[in-house]
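Make the full structure from the sequences, and use the hints.
From first to last, the protein sequence lines stand for chains E and H. Once you know that position 200 of the first sequence is 212 in the numbering used here, the rest is easy, because the numbers rise by one and skip nothing. Once you know that position 152 of the second sequence is 254 in the numbering used here, the rest is easy, because the numbers rise by one and skip nothing.
I should point out that these hints are in silico values taken from the structure, not numbers from a laboratory. Cβ coordinates follow ideal geometry from the N, Cα and C atoms, glycine included. Do not rely on the hints blindly, as some may be mistaken.
To be verified - Partial chain H-side listing against chain E, Cβ under 10 Å, derived: (1) Leu106; (2) Leu115; (3) Gly142; (4) Asp209.
Said to hold, decoys possible - Quick partial rundown of chain H residues pointing at chain E, CB under 8 Å, derived from the structure: (5) Pro105; (6) Gly165; (7) Phe229; (8) Arg232.
What the hints assert, rightly or not - Counterexamples of contact, computed for chain E against chain H with all Cβ distances above 10 Å: (9) Gln45; (10) Ile51; (11) Asn62; (12) Pro388; (13) Ala402.
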Amino acid sequence: MIDLSALRADFPILQRTFDGRDLVYLDSAATTQKPVQVIEAVDAYYREKNANVHRGAYRLSAEATDAFEQARTKVASFIGSPRSDQLVFTRGATTALNFVAYGWGLHRLGEGDRILLTIMEHHSNIVPWQIVAKLTGAELVYLGLDDDYQVDLTELDRVFDERVKIVAVSGMSNVTGARGPVDELVAAADGTGAIVVVDGAQLVPHDRVDVAAMGADFLAFSAHKMLGPTGIGALWGKEERLEEMEPTEGGGEMISDVGLTESRWAPVPHKFEAGTPPIAQAVGFGAAVDYLDKVGMDTVRDHERALTAYALERLAEVPDLRVYGPRDVDRRGGAVSFELGDIHAHDVATILDEHGVAVRAGHHCAKPLMRHLHVPATARASFYLYNTPADVDRLTEALLDARRVFGLA
Amino acid sequence: MSPLDELYREVILDHYRNPRHRGSLNGPHVHAEGLNPSCGDEFALDLSVEGDTITDVAIQGQGCSISQASGSMMADAIVGRNFDEVEDMIRKFRLMMTIDEGDNPVDPERPGAVLGDLEALQGVRKFPVRIKCADLAWTTLTDALAKARANA
Chain E
13 MIDLSALRAD FPILQRTFDG RDLVYLDSAA TTQKPVQVIE AVDAYYREKN ANVHRGAYRL
73 SAEATDAFEQ ARTKVASFIG SPRSDQLVFT RGATTALNFV AYGWGLHRLG EGDRILLTIM
133 EHHSNIVPWQ IVAKLTGAEL VYLGLDDDYQ VDLTELDRVF DERVKIVAVS GMSNVTGARG
193 PVDELVAAAD GTGAIVVVDG AQLVPHDRVD VAAMGADFLA FSAHKMLGPT GIGALWGKEE
253 RLEEMEPTEG GGEMISDVGL TESRWAPVPH KFEAGTPPIA QAVGFGAAVD YLDKVGMDTV
313 RDHERALTAY ALERLAEVPD LRVYGPRDVD RRGGAVSFEL GDIHAHDVAT ILDEHGVAVR
373 AGHHCAKPLM RHLHVPATAR ASFYLYNTPA DVDRLTEALL DARRVFGLA
Chain H
103 MSPLDELYRE VILDHYRNPR HRGSLNGPHV HAEGLNPSCG DEFALDLSVE GDTITDVAIQ
163 GQGCSISQAS GSMMADAIVG RNFDEVEDMI RKFRLMMTID EGDNPVDPER PGAVLGDLEA
223 LQGVRKFPVR IKCADLAWTT LTDALAKARA NA
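Structure representation (structure tokens):
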């Protein structure tokens, strides 16, 4: 396993203790911790460069604008975008997906059209499509899962026809960790006129992504799940898609001219960035991708793959523990969902917390998936570059204590 | 006893694994449902009422040990009680579950004297994020009781 433990010193919060024990933070699929490089970039921006961006006649505003636009360039380049203006800053992946649903789907879908989803989507890649389907008369179609928690593509030929106008798929499940069949769906959509929207909230932080090679039309992701600040994320789109897409929010910054009854939009990406954007957060986002670039996304992925393999091995030692997700670490990321005997996931999480181990419990904003798996709630441990095998050992010990508390041991 | 062992006392685990009064009522009854949207815990109950007395109760639901055990112990405690007694019990239970020790009506010298088995849920106070789990059944009971009073 690649030893990244020296990086832990960059994350001040990992010094925290609970009841005298070091915090074991295993909830990075919900949000990641921040390195001092990101914290200081945001701090330095506020101390030295803060002003509103665009159209400022003074030098300070020009500096703020430069910092903001440099961040766009960094994030765009991080995902291999040919141009930085293909990257729209949003409030997060959720807003990015809503922008596509309302800005593209609402204007192009009609009665009889289909939106193809997978059952493992997060609510943020389901609910916007439900709303748009209701408004347009389009129909939602779901691909299920096979026995290994992978999206079942055997049904693809049956459901994929000319009625499908939008395919919305997660790059990686936040519950099972399974990778989504992005390549296969991009290939299926090729030439049919359907667009492919990838929810990259769990994929982009954990593996190298090259949008040019991926071939999808849109990619949504969030900064806070990849070492950056909350309140900012991105929507990347193919140039022609972004040109076609209508703005969902109107206001300042997003116009080139405003008349009494109608307006003309600013060029992409600004037509999607109404109002004062999250400037300091963008600067922090830029610092986060700098940090990840320095470590190297191949290293991040390899570290997590080895750690996930170790976690699956240690969890198998805990009697009565059932993992919901692929066993093959090449087909999954580092979000590991499980149930322990008849102990409810919230009780598991409470007991783990008493051991200083932070995990999430519940439906993970993926209720259709939970129903599909016939499980009301799971506990979920998720890893990132700052986690170590020692964290996995603490998790395992705490789970064994949960069995004791519930009289299973 | 560690806070964890105090939280998950034997009696709580017993009610979680063997909930009392589970099912639904056939005869005339009032029904109420509760949900904690943040965690997905569900609880529902049927009350059969004669005059102002609860003559039978049935509970349904799914969720964590605290929410389900609280509901099961509550069902045990309210059968045969009249509306005023049940409302007094709801008030005392809520006081017992507040974080401020001074409000607790339970008498440490006489365990079980005020709220019976329900007193085992006091361990939840040390876990403030779990208090809403223990309270779910009681919110649902409050709803059911309002319906029963309206029918009376």
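Could you check if H:Asp209 really has its C-beta closer than 10 Å to a C-beta on chain E? 27 Å, violated
Taking the closest Cβ pair, is H:Gly165 under 8 Å from chain E? For H:Gly165, the interface hint holds, since the closest Cβ of chain E sits about 7 Å away, which is under 8 Å.
Is the interface hint for H:Leu106 satisfied, with its Cβ closer than 10 Å to some Cβ of chain E? 5 Å, holds
Regarding the assertion that E:Ile51 does not contact chain H, is the least Cβ-Cβ distance greater than 10 Å? Check passes; 27 Å lies beyond 10 Å.
Agreement of hint H:Phe229 with chain E interface, Cβ distance less than 8 Å: 6 Å, holds
Is it correct that the beta-carbon of E:Ala402 has no partner in chain H closer than or equal to 10 Å? 22 Å, holds
Holds or violated: the hint that H:Leu115 contacts chain E, with Cβ atoms closer than 10 Å. Hint on H:Leu115: holds, closest Cβ of chain E at ~6 Å, below 10 Å.
Under 10 Å is the threshold here; is the Cβ of H:Gly142 close enough to any Cβ of chain E for the hint to stand? 5 Å, holds
Interface hint for H:Arg232, Cβ within 8 Å of any Cβ on chain E: 6 Å, holds
With 10 Å as the threshold, tell me whether E:Pro388 passes as away from chain H on beta-carbon distances. 6 Å, violated
Non-interface claim for E:Asn62: all C-beta distances to chain H beyond 10 Å? Label holds. Min Cβ-Cβ 35 Å, cutoff 10 Å.
Say whether it holds or is violated: E:Gln45 keeps its Cβ farther than 10 Å from all Cβ of chain H. 20 Å, holds
Hint compliance for this structure: hints 4, 12 are broken, all remaining hints hold.
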